[in-house]
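Chemist: The residues making up each chain are set out below.
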Amino acid sequence: MTSFFGRLKSGTGPASPASSAPPAKKDPNAPQLTPLEKLLQDAGPVRADGSDKFFGFENVFWKHMVIALCPTPLAWPNSHITSYCNSIVQCLYYSVPFREQVINFPSRSPPEALERPASGPLPRLNTNLSPDTNAQNSTLSPKGRNSFSTPATASPRKSTITPGGTVIPGQPPKPEDNKDSPEYKKKQALAAGPVLSMDYENSKAYGMSESLFSALKDIFEAVIAHRSHIGVVSPHKFLEILRRENEMFRTPMHQDAHEFLNLLLNEVVENVEHFSKTRVHEIEDKDTNAVIPQSNAVVDATASSNIGWVHELFEGTLTSETRCLTCENTSQRDEAFLDLSVDLEQHSSVTSCLRKFSEEEMLCERNKFHCDKCGGLQEAEKRMKIKRLPKILALHLKRFKYTEDLQRLQKLFHRVVYPYYLRLFNTTDDAEDPDRLYELYAIVVHIGGGPYHGHYVSIIKTQDRGWLLFDDEMVEPVDKAYVRRFFGGEDQLACAYVLFYQETTEEAMMKEQEEESLAAAKQAAEVNVEPVSVTTPKANGHGLANGHGIIHNLATTPTVEKDDQFASLDHAATAPPLPTSDHNNTLDHITTSIPILGKRQSNLASKKEKAEKVKEEKERKAMEKELEKQAKAKRKELEIQRRDMYRKQEDDLRAALAASRDTATEESKKRGTDSGTDTHEKEKPANGLGSISKGSGLSRFRHTSMSLRHKPKFWSGGKEEKKDEPEMPSTPGVTEAEQTPHSTPGEKEKKNRFSLGRKKSTFHL
Amino acid sequence: MTGTYILRDDLHLATPPPHPSEAPVHNPNPLATTVNPPTAGTKLSIVVVAPRQQSHSRLFRLDTANSARSQLPPSIQESPNESNSQASDSGSQSVNGNGITASPREGLHAPAYGSGNSALAILNGKDSKDPLKRRKPKSNIVKSNSSFVSRVIPHEALTKRLQEHNPNGLYAFANINRALQWLDLTSPTKEEHLTKILFTKAHALCHDVNQSTKGPGHVDIILGFSTGDIIWYEPMSQKYTRINKNGAINNTAVSDIRWLPNSENLFLAAHMDGSLVVYDKEKEDAPFVAEDPDQVQPETEKKARLVVRKSVNSKNQKFNPVSYWKTSNSRINAFAFSPDCRHLAVVSEEGSFRIIDFLKEQLLHQYMSYYGGMICVCWSPDGRYVVTGGQDDLVSIWSLEDSMLVARCQGHNSWVTAVQFDPWRCDERNYRIGSVGEDCRLLLWDFSVGMLHRPRAASVRPRSSVTSATLQMQRTRTDGSTSRLRSNSNLTSGSMVDEEEVVHEVEPRARTAMLPPVMAKKVDEHPLCWLGFEEDCIMTSCSNGHIRTYDRPKEGAGSDETRSTSASASNV
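From first to last, the protein sequence lines stand for chains A and B.
Just so you know, we're using UniProt numbering here: the first sequence kicks off at 1 and counts up by one.
Just so you know, we're using UniProt numbering here: the second sequence kicks off at 1 and counts up by one.
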């Protein structure tokens, strides 16, 4: 194994010519503002609505688990494991109505409440530390911010982000030593702080039980209440709750951001509804006693009338029309969705994917339709249209597709273009406002070669600071054109994975476009050299070529799978301890060079031209060839490795799941002793609408969730489970391990109300 | 009625590697924020130097053998139109009332741009000492040591090949990346370029050939670059002149460039900051200062108008620019001159589509795409319709006479990058449109005037009054539309009276005719970026440099009705 890494390392040396280039020629001692700080230099006092907060999210591990399962947490390798969560939470934070609802439901906490969490003496190191160091106007001063990280909190965190901190002599400089690398920037962001270590919770102050929603609210409120415009959130509690309640997210393996989004929204719905239900009960109880203060009743009334806000924002309705080909009977069925999962085609657009989504499809062979009229499975024609358009349209591009021959999910790198503005063609004739205009405001990008590993970042349009790139701890302004770099394509590792469109108006669109272009024109006038570049300093790109790229490539090569998988091995404590720090360092220097495609010469060119071209391209070609050769060799090697790894991975996953189940039970036991609310939560029945439940939420979030399988679940209620199994030969372990804990009674009735994308049932068959 | 289009030829132009001075920094970081220069794929222009052949884009042919094939009533077919007789128009064209109407003949009577300005006239007059001798640019490009030009590679037997060239044969100029290639498409060795110019860093994004000055010994080409630079190039003599050098007048990339119709000297460049600038190929640059401060002001107001920052009527015409307009701050993606040489259709990234009377420097109409930016625009050969394509995956047909959206053509699976009318398949009632897109497909559309005026859902508009009072009609439409495309109630109807006439709102889908393609065919592996119709073929080019030529259906090969084809196999 070590030799393998060794080979990789030596082999990739020349593959990254950029890294040998001297770093930017600037005074290293000069105090430098980050691009984000520059952008926010004119930012005034913080606003109450949180629209001027730009916090990164720390990529954290579930410490408890790490401690429980890994004897040496300090040696835990750095990887992007929680980026799925960070990217989604960022997108939701900048969904303005969503943020508003979260902070205002059930009521907004007064700042004092935030300062002193009701939950007791948990260490809090955020907002209350600052007053003296942080002068009113220097909310951005790095000096002021430095003072935030107290030694007590900084050290354990540091250890997680700089694994293998011991520099081995003779080692080439690590990517995080490059000042322009994202690794360095992330480190800096953490060091600069302020770091909101969200390891406490205020759910009692909200009058709620601890839940994902309350943890999310904690994060949002803490960010908004903080005096600084920038900083880093360390969402420990949130992750803890997430992992406690959801088996799949308990492993440190790579998770699917879309699944997480779906889970989070469903959880929020559930939490909110549960809260208002218990509230109603309380009121009723009080009513009988006839001792409710008037004011309280008002609050409660508004709160409970408002419980549907997630639905209001994200929910739309699909109508599926199915015409039985035997009896010609047409049946209609409405279905709610929180997001749409669309199949992709090479060289297509989001518009086209959505249209394809609503194209007629045949239900035949294994997918026959159970017709109520003729009774029995029949061939049928089905099409789905949008009947009610959501305010926020979350579009999931199904880049992870199950391939029969490889027996596993594979990433599709299709080039799928997405416009800044969108309308839906696939609406029903009676849809209200069928021409609703949507604007793109957030993208979750998946970087990596496959579904089992990689990294997520999000690019989000903020209210008045333009587009920003959120890469875990790092937040950086980017220009609008940057948003279009993630269409995908043959050599594009970073592809848009979830697109967030929100309702807008033409006036707003015109106004914004005018403002944007004015700003761009101003920028162009200021930066004469680079008229097109906006806000992004030149040095950035160059530097990124060195550091950032390497790291992200890391994430994209199959090696990372190994990394992940080792992680799960460690975690499951079934594998011998690995020299993690060492191997991690080695990994850091792996670069894959993607052979440049499409440089084929015209075979028709004249001799003369050829000669000239040869001259011109000689050097370049030689290099390319070299790169290609290396890449090829490496690929081959990796391919072999990968095959092994996948096999292993499955075992590991199973082991990991088993281990995490153990911890879960342990955990819940522990929690059971110290809090009564939890048990209450556990027993929580299906909520008022009866459709969302923990069980259904969970069962959806397997790798083979519905959106990947296109199962028309609602046709055949109970049969569905059986059907699923043969379709996932790739992860039999997962299926088993996963399903057992969830086969709680009543699961069958719990319909996946917010699922989508089972379009094209025949697609994979 | 599509015939079989057969692939005749696939010519691949290599994308030149970056200039050696710009070391190919391979940046493996997918998140790198380095700014890439704007690119435009492969764009071609086809030139026939023979004098009698006019630019087909302006042709309104009823006399060709081809038009007879398009099932015209014989009466129309026989009306001789070649001599621009007004008579042939009267039958079909009763709609000349509102001044926007374009009949091809009018074009010849349209005053030359800037003819009202004596300051311009004098300078232009100076040139016409020897009308037969075309003026050439100043510098020799082969011997140039300019840092702008990297190298020029003429064919070793260039003179011989030029002599052998059939004057009716096709020359092609293609810009791809930082190269401009000159090809002889009728030569047996067409893959060997006549001349290839490599520029250093600047990418050529667009170019145009002057149709009124071209001849066997002279072709005027202008090229627009990603750096804002413009080059006037004459390939026969290998001479060139730089204009807007280093962005002296406007430093944003040139996204489209065209010679003014029938002008020897003037051309229009669309810059990415939303400026439309008329340059004179022979004038020196001078730093540009907006001339009319009053005009500049309203830019901040959100109002639809064309900001004239320097009018063609300005007396100060010693230097470039000749005139300078601004549509908005949004990037202009393409523009096209109407066949009557009076109007200009401009499409931009913000999704707007404007009709400008460029002689009067006035904005006539402003429409919006269904959503997303507009990418390409083209006039029908008779000037009655404009077709646009954009990021809504639609080809939209606009009627100038009715000042309205006529139909949306749905069929592309991705953004539409180029649209063209097929002048050899158009007559007064039937139009053939071709379009290509990012989906690598070529689509053909047929629409006929009768069919177009039948919106899918119940029309709100009185059909009878099409020819009259267009303006009045618009107003009624605006008022009566309760279901306009607003999501919310914040509908601000007609903020200004005069604006109302100019700014047109997006038509809801329920009220617009949807047109399916008559043919859809994947013709390339890469996104397509250009489309051209020739008398005997359709040509496409892709971002990767492939130029494909499809022969038109053979004359007399099978009857019109029964022709079904390889190309149209994947119909609709």
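The set of hints was computed from the structure by calculation and includes no laboratory data.
Don't take every hint at face value.
Short derived list, chain A residues pointing at chain B, Cβ under 10 Å [claimed, not checked]:
| no. | residue |
| --- | --- |
| 1 | Asn246 |
| 2 | Ser352 |
| 3 | Arg355 |
| 4 | Lys356 |
| 5 | Glu360 |
| 6 | His370 |
| 7 | Cys374 |
| 8 | Asp435 |
| 9 | Val478 |
| 10 | Leu493 |
| 11 | Glu515 |
| 12 | Ala519 |
Distance windows between CB atoms, simulated [to be verified]:
| no. | chain 1 | residue 1 | chain 2 | residue 2 | range |
| --- | --- | --- | --- | --- | --- |
| 13 | B | Gly169 | A | Glu379 | 30 to 38 Å |
| 14 | A | Pro45 | B | Lys138 | 30 to 38 Å |
| 15 | A | Leu406 | B | Ser21 | 54 to 62 Å |
| 16 | A | Glu381 | B | Leu7 | 33 to 41 Å |
| 17 | A | Gln41 | B | Leu7 | 37 to 45 Å |
Cβ atoms here follow ideal geometry from the backbone N, Cα and C, with glycine treated the same way.
Chemist: The structure should be examined with respect to each hint, and the outcome stated for every one.
Modeler: Hints, one by one, checked against the model:
1. Violation of the interface hint for A/Asn246 is found here, the shortest Cβ-Cβ separation to chain B being roughly 29 Å, above the 10 Å cut-off.
2. Interface hint status for A/Ser352: upheld, as the beta-carbon distance to the closest one in chain B is roughly 4 Å, under 10 Å.
3. This hint holds: A/Arg355 has a C-beta 8 Å from the nearest C-beta of chain B, less than the 10 Å allowed.
4. Because the smallest distance between the Cβ of A/Lys356 and any Cβ of chain B comes to about 8 Å, under 10 Å, the interface hint for this residue holds.
5. Hint status for A/Glu360 relative to chain B: violated, with the closest Cβ pair at about 14 Å, above 10 Å.
6. A distance limit of 10 Å between C-beta atoms decides the matter here; for A/His370 the minimum to chain B is near 32 Å, and the interface restraint is violated.
7. For A/Cys374, the interface hint is violated, since its Cβ never comes within 10 Å of a Cβ in chain B; the closest pair sits about 32 Å apart.
8. Proximity of A/Asp435 to chain B holds as hinted, the smallest CB-CB distance being about 5 Å (cut-off 10 Å).
9. A hinted interface residue such as A/Val478 counts as satisfied when its beta carbon comes closer than 10 Å to some beta carbon of chain B; here the least separation is about 6 Å, so the hint holds.
10. For A/Leu493, the interface hint holds, the least distance from its beta-carbon to any beta-carbon of chain B being 5 Å, beneath 10 Å.
11. At its closest, the beta carbon of A/Glu515 sits 9 Å from a beta carbon of chain B; the interface hint therefore holds under the 10 Å criterion.
12. At its closest, the beta carbon of A/Ala519 sits 9 Å from a beta carbon of chain B; the interface hint therefore holds under the 10 Å criterion.
13. B/Gly169 and A/Glu379 have their C-beta atoms about 57 Å apart, which leaves the hinted 30 to 38 Å range violated.
14. In this structure the supplied range 30 to 38 Å is violated for A/Pro45 paired with B/Lys138, their Cβ-Cβ distance being about 60 Å.
15. At about 44 Å, the CB distance of A/Leu406 to B/Ser21 disagrees with the hint of 54 to 62 Å.
16. Between A/Glu381 and B/Leu7 the C-beta distance comes to about 36 Å, which sits within the given range of 33 to 41 Å.
17. The hinted window of 37 to 45 Å between A/Gln41 and B/Leu7 is violated, with their beta carbons roughly 58 Å apart.
Of the numbered hints listed earlier, those contradicted by the structure are 1, 5, 6, 7, 13, 14, 15 and 17.
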